[in-house]
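Work out the full structure: start from the sequences and follow the hints.
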Amino acid sequence: MKKHFSAFRPLRLLKYLFIKPLSLPMEDIFENPREAADNYRGFHVNDWEKCIGCTTCADICPTEAIIMVDRCEIEETDGNFAKRPTIDYGRCCFCALCVDICTTGSLSMSKEYLFNSPEGNDYYLMPTEKFLGKEARMGYQKDEHSDLIELKRVPMTHLHDSERKDNFLEIVKGYSKEMAIHEAARCVECGICSKTCPANMNIPEYIRAIWEEDFEDAIEQIYKTNPLPGVCGRICTHLCETACSLTQRGEAIAIRWLKRYIVDNAPKDIYEKVVMEQVSAEVGGKVAVIGSGPAGLAAAYYLKTIGYSVDVFEQKSLAGGVMRYGIAKYRLPDEAIDQDIKFIEKIGVNIKVNTKVDAAMLVKFEKEYDAVFTGTGFFNGRKIPMPGHDHENVIAAMDFLPAARDYSRGLTDKIDIHENVIIIGGGNVAFDVSRTVLRLQFEKYGKTNITMTALESEDMLPADVEEVIEGKEEGLHYSFAHGPQEIVIKDGKIKGLTIKKVESIFDAEGKFSPAYVGDEVLLEGTQIFMAIGQSPGYDYLGDYETKVNINRGKLEVEANGQVKGVDWLFAGGDIISGPDVITAVANGHNAAIGIDEYLTNK
Amino acid sequence: MREIKLFLGPQHPGMHGNTSVHMYVEGDIIVKSYLLPGMLHRGFEKGMENRTWVNNLALIPRICVVEPDINEMVFAMGIETLTGMEVPERAHYIRMIILELARISIHLMAYGGIGGPTGHYTMMYHAQADRNTILDIFEKITGHRIYHQYIVPGGVRKDFPKGIEKDIVDFLDDLASRYTEHRDLGIDNPTIKKRLDHHIMLPESVVWELGVTGVGMRSSVNKPYDLRKVTPYARYSEIDFHVPTSDYSDATCRVDIKLQEVVQCIGIIKQCLAKMPEGPVRTKLEGNGLRWKVPKGQVYSAVESSRGEFGYFIVSDGGTKPYRIAVRGASFPQGLLGVEKYLPGQRMDDAALWFDTMGVCSPEIDR
Numbered sequence: 001m002k003k004h005f006s007a008f009r010p011l012r013l014l015k016y017l018f019i020k021p022l023s024l025p026m027e028d029i030f031e032n033p034r035e036a037a038d039n040y041r042g043f044h045v046n047d048w049e050k051c052i053g054c055t056t057c058a059d060i061c062p063t064e065a066i067i068m069v070d071r072c073e074i075e076e077t078d079g080n081f082a083k084r085p086t087i088d089y090g091r092c093c094f095c096a097l098c099v100d101i102c103t104t105g106s107l108s109m110s111k112e113y114l115f116n117s118p119e120g121n122d123y124y125l126m127p128t129e130k131f132l133g134k135e136a137r138m139g140y141q142k143d144e145h146s147d148l149i150e151l152k153r154v155p156m157t158h159l160h161d162s163e164r165k166d167n168f169l170e171i172v173k174g175y176s177k178e179m180a181i182h183e184a185a186r187c188v189e190c191g192i193c194s195k196t197c198p199a200n201m202n203i204p205e206y207i208r209a210i211w212e213e214d215f216e217d218a219i220e221q222i223y224k225t226n227p228l229p230g231v232c233g234r235i236c237t238h239l240c241e242t243a244c245s246l247t248q249r250g251e252a253i254a255i256r257w258l259k260r261y262i263v264d265n266a267p268k269d270i271y272e273k274v275v276m277e278q279v280s281a282e283v284g285g286k287v288a289v290i291g292s293g294p295a296g297l298a299a300a301y302y303l304k305t306i307g308y309s310v311d312v313f314e315q316k317s318l319a320g321g322v323m324r325y326g327i328a329k330y331r332l333p334d335e336a337i338d339q340d341i342k343f344i345e346k347i348g349v350n351i352k353v354n355t356k357v358d359a360a361m362l363v364k365f366e367k368e369y370d371a372v373f374t375g376t377g378f379f380n381g382r383k384i385p386m387p388g389h390d391h392e393n394v395i396a397a398m399d400f401l402p403a404a405r406d407y408s409r410g411l412t413d414k415i416d417i418h419e420n421v422i423i424i425g426g427g428n429v430a431f432d433v434s435r436t437v438l439r440l441q442f443e444k445y446g447k448t449n450i451t452m453t454a455l456e457s458e459d460m461l462p463a464d465v466e467e468v469i470e471g472k473e474e475g476l477h478y479s480f481a482h483g484p485q486e487i488v489i490k491d492g493k494i495k496g497l498t499i500k501k502v503e504s505i506f507d508a509e510g511k512f513s514p515a516y517v518g519d520e521v522l523l524e525g526t527q528i529f530m531a532i533g534q535s536p537g538y539d540y541l542g543d544y545e546t547k548v549n550i551n552r553g554k555l556e557v558e559a560n561g562q563v564k565g566v567d568w569l570f571a572g573g574d575i576i577s578g579p580d581v582i583t584a585v586a587n588g589h590n591a592a593i594g595i596d597e598y599l600t601n602k
Numbered sequence: 001m002r003e004i005k006l007f008l009g010p011q012h013p014g015m016h017g018n019t020s021v022h023m024y025v026e027g028d029i030i031v032k033s034y035l036l037p038g039m040l041h042r043g044f045e046k047g048m049e050n051r052t053w054v055n056n057l058a059l060i061p062r063i064c065v066v067e068p069d070i071n072e073m074v075f076a077m078g079i080e081t082l083t084g085m086e087v088p089e090r091a092h093y094i095r096m097i098i099l100e101l102a103r104i105s106i107h108l109m110a111y112g113g114i115g116g117p118t119g120h121y122t123m124m125y126h127a128q129a130d131r132n133t134i135l136d137i138f139e140k141i142t143g144h145r146i147y148h149q150y151i152v153p154g155g156v157r158k159d160f161p162k163g164i165e166k167d168i169v170d171f172l173d174d175l176a177s178r179y180t181e182h183r184d185l186g187i188d189n190p191t192i193k194k195r196l197d198h199h200i201m202l203p204e205s206v207v208w209e210l211g212v213t214g215v216g217m218r219s220s221v222n223k224p225y226d227l228r229k230v231t232p233y234a235r236y237s238e239i240d241f242h243v244p245t246s247d248y249s250d251a252t253c254r255v256d257i258k259l260q261e262v263v264q265c266i267g268i269i270k271q272c273l274a275k276m277p278e279g280p281v282r283t284k285l286e287g288n289g290l291r292w293k294v295p296k297g298q299v300y301s302a303v304e305s306s307r308g309e310f311g312y313f314i315v316s317d318g319g320t321k322p323y324r325i326a327v328r329g330a331s332f333p334q335g336l337l338g339v340e341k342y343l344p345g346q347r348m349d350d351a352a353l354w355f356d357t358m359g360v361c362s363p364e365i366d367r
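As they're listed, the protein sequences go chains A and B.
Residue numbering for the first sequence follows the working numbering, beginning at 1 and increasing consecutively.
Residue numbering for the second sequence follows the working numbering, beginning at 1 and increasing consecutively.
Don't take each hint at face value.
[Claimed, not checked] Each computed PhoX-like pair below joins lysine-lysine, with the alpha-carbon atoms no more than 20 Å apart:
(1) A/Lys564 to A/Lys547
(2) B/Lys284 to A/Lys152
(3) A/Lys177 to B/Lys293
(4) B/Lys293 to A/Lys152
(5) A/Lys268 to A/Lys224
(6) A/Lys177 to B/Lys296
(7) A/Lys83 to A/Lys195
(8) A/Lys342 to A/Lys316
(9) A/Lys383 to A/Lys500
(10) B/Lys321 to B/Lys293
(11) A/Lys414 to A/Lys316
(12) A/Lys352 to A/Lys342
Just so you know, these hints were derived from the structure itself, not from any lab.
On a predicted model such as this, the values are computed, not experimentally measured, just so you know.
Structure below.
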């Protein structure tokens with residue numbers, strides 16, 4: 001490979017006489033320091049307003065450089081932990097994985113790369129929006145490509161709207177194994193959901209168990225705080241999902257459906273083994289539970305696991321309370337309630353159905369039992385006191401739903417549904433009523449004609465968004481943002497309901513005081529259902545009613561569930577905290593612990 | 001004559017990375033030598049087993065400091081084979097541009113490196129100045145100059161920033177215009193040629209014996225064995241380029257082939273820029289980075305690095321962490337075995353040149 005070069009070759013070097021030097025002058029390095037690229041991964045920047053202290057950055061850090069530090073100046077709320085990340089720049093490798101996985105998008109990196117200090121501790125910094133007291137120049141930020149979080153949830157399969165009208169089949173079909181594992185893999189395990197859940201369920205733990213395909217652990221984690229997972233997996237109000245850290249930029253983990261996946265798919269032998277393992281030896285003590293709703297069953301379950309002998313008294317023929325009678329069947333089928341109750345009975349809880357507790361029995365309970373828990377719920381329907389509300393075809397939701405459920409399970413064949421129906425209310429119960437009426441109407445007449453009206457506008461309704469969408473798909477007519485004025489009755493028959501457009505629901509002081517504008521409009525209909533709330537019944541308290549405090553329909557209790565005024569009586573569920581299944585479960589659990597403490601110290 | 005023990009490195013201008021050679025010399029002839037790697041990074045393979053697949057993205061570039069992108073590429077390719085992830089078309093071209101820019105940068109660094117042991121620093125300054133421009137380009141694309149963490153399973157981390165194509169083309173044109181100048185300063189310079197010509201031979205028998213690949217092999221056996229041609233990855237099959245070879249592997253020849261490769265790289269990058277389509281650059285991970293699992297299986301993925309065949313043998317047990325990753329360091333044969341067997345017999349002032357022209361990257365050896 002020998003090359004021969006021309007003798008004139010060195011003459012080429014003459015060109016260097018005219019070329020400027022390549023070296024860069026450094027005189028003004030301090031006045032004009034080198035600017036990093038726009039994408040530079042320098043020191044961190046953290047927007048404290050956006051940051052929720054979810055710890056995900058610390059979890060992914062490959063060098064364990066990120067440590068979460070409690071900050072007392074931050075107010076800890078649902079969906080916001082009072083802690084923020086600090087970074088040890090002695091360890092940090094500036095990989096920006098923390099930025100890519102940040103759930104809120106608060107963390108990014110700056111163009112700042114010059115920092116010098118003789119003190120080692122100075123390299124341990126808590127990033128804010130500033131860097132060394134100055135506004136930081138922003139560098140690397142995540143985009144849709146570098147984002148390490150899947151923001152869309154795995155879609156749930158539903159019955160098509162054309163398949164729904166003529167039956168009470170459950171609409172939500174549930175996740176398959178692949179779907180559930182995929183959905184569980186989105187969870188960053190921050191625990192913000194647990195904090196928000198009224199029962200403080202071990203949500204990250206059971207989602208991790210799904211992801212690890214460990215049903216045994218999943219069930220164990222669930223039953224630590226909730227013995228009604230089949231029910232809650234379907235109709236829980238899922239406050240956890242509204243707090244989920246992924247909602248900051250995307251869709252929350254489908255926590256409710258994942259819980260349901262465990263219950264529906266766990267092998268029955270594993271399920272039974274785990275549930276039975278929870279029961280302790282008898283401790284000698286008898287507790288009566290009035291009402292087999294979620295609060296009563298939760299209290300019974302946890303009392304039994306502690307070792308007490310528990311009798312549950314239910315006035316209806318089936319246990320479950322409002323879950324069994326007050327919720328539409330297509331949302332919560334009997335089989336789901338049966339399964340949860342089966343395991344509660346299996347551990348030795350004695351449920352006595354068709355037994356209505358009255359004042360006389362309660363007096364006996366005081367002597368026969370060591371403590372009594374009551375969770376009788378909001379089982380009475382309420383009506384708006386407006387002209388015509390006492391007509392026989394004006395029906396309260398809680399009078400209708402139990403009858404409809406009995407009808408759908410074949411216990412009765414008597415149910416009166418008109419061809420043209422009006423529903424007043426905008427909550428989940430109102431939709432339960434509307435969509436149940438719709439199915440019964442379709443069965444009877446082959447067509448449907450239902451109009452719903454409520455004070456709130458469609459986007460402000462208290463009901464779940466899915467209910468509104470699915471109701472529309474099924475053919476409900478909506479006249480929302482209108483207030484009912486009068487039920488028009490002619491010759492003893494209802495002709496319709498007059499409504500007026502709502503201008504505002506609350507007055508300047510925030511008090512409930514609807515204001516209307518425009519003319520009255522007549523909604524035609526011959527039957528009206530009112531789903532405007534439920535109320536409790538306390539007849540069974542008898543003489544004790546004078547000893548307890550009832551404030552706006554709710555019993556006043558101590559923190560441990562003990563009813564103020566009667567030390568052996570504990571309460572939970574709707575009658576202390578209003579209608580909500582998961583709160584009822586939490587109350588039941590809390591009261592069980594309270595009863596145990598009470599009996600231990602007695 | 002008495003045998004003397006000498007240490008070459010880890011602090012030595014001619015030494016590559018933080019590695020060291022223990023030499024026994026008689027006069028100025030090396031009689032015995034062995035390598036002591038691991039002064040800087042080591043234990044990568046074990047380290048990888050203790051980190052999740054995503055966390056490893058921050059660790060693997062460190063296996064070769066000057067050319068980290070090959071690590072990211074083989075890691076990503078292996079995972080893509082196991083998971084069946086599709087890489088978007090644009091990402092393939094971006095990856096090739098990054099890999100070829102890295103190849104130019106390491107060839108320039110190796111070429112400039114000759115300036116150290118030969119006492120000819122000007123060529124090193126010029127080579128490093130050009131490499132610096134490449135690092136500026138990397139900084140704009142990836143956010144960092146050395147450890148890019150840019151090629152990730154499923155594509156690349158971010159799309160090209162606006163206007164970077166012009167920066168790249170400008171740099172390539174500039175480099176091409178000064179190609180002769182680089183040669184004049186280095187291997188066409190008679191003083192350096194005298195040090196390199198017919199020195200530090202790498203005969204064909206040694207290539208086969210040690211398993212040398214890359215420039216070393218091509219310069220010796222006259223066969224265009226290049227993984228970009230033999231088992232094309234990314235979109236190299238759609239690019240027109242030539243693999244320079246030779247049948248006489250002295251130091252000059254190997255350096256010359258490196259410089260010829262730089263010319264080829266310029267062509268490859270320009271073709272990539274012309275062919276690169278618009279579109280997404282990454283297939284998203286399922287779930288999130290903390291819970292990302294790679295299906296059970298094993299795979300060997302390899303790329304043509306500047307020093308030869310560089311590969312990872314990846315075993316996954318279906319979990320979030322690799323079960324085992326073994327690294328085939330491209331310079332392992334000549335760097336470890338060659339030093340013990342074929343460095344003896346050379347003059348001791350050629351030892352640094354031996355490392356330079358063979359292309360040795362020490363973390364590849366003690367990984």
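Below or equal to 20 Å on CA atoms is what counts here, so check A/Lys352 against A/Lys342.
The hint holds at about 14 Å.
Pairwise hint evaluation, A/Lys316 against A/Lys342, where the allowed Cα distance is 20 Å at most:
With Cα atoms ~17 Å apart, A/Lys342 and A/Lys316 stay inside 20 Å; holds.
With a cut-off of 20 Å on the C-alpha distance, tell me whether B/Lys293 and A/Lys152 pass.
The hint holds at about 19 Å.
Hinted pair B/Lys284 and A/Lys152, Cα distance within 20 Å
Distance ~12 Å between B/Lys284 and A/Lys152 Cα, so the pair holds.
Proposed proximity, A/Lys224 with A/Lys268 (alpha carbon, max 20 Å)
18 Å, holds
Take the C-alpha atoms of A/Lys564 and A/Lys547, compute the straight-line distance between them, and say whether it is at most 20 Å.
8 Å, holds
Pair hint A/Lys177 and B/Lys293, alpha-carbon separation not exceeding 20 Å:
Holds. A/Lys177 to B/Lys293 sits at ~16 Å (cutoff 20 Å).
When you check the alpha-carbon spacing of A/Lys383 and A/Lys500, does it fall within 20 Å?
Holds - the C-alpha atoms of A/Lys500 and A/Lys383 are around 18 Å apart, at most 20 Å.
With the threshold set at 20 Å, check whether the alpha-carbon distance from B/Lys321 to B/Lys293 stays at or below it.
Roughly 8 Å separates the two Cα atoms, so the pair holds.
Taken at face value, is the distance from the CA of A/Lys195 to the CA of A/Lys83 at most 20 Å?
Distance of about 14 Å is within 20 Å: holds.
Straight-line alpha-carbon gap A/Lys177 to B/Lys296, limit 20 Å
Between A/Lys177 and B/Lys296 the Cα gap is close to 18 Å, so the pair holds against 20 Å.
For a C-alpha distance cap of 20 Å, please report whether A/Lys414 and A/Lys316 respect it.
18 Å, holds
Checked against the numbered hints given earlier, the structure satisfies every one of them.
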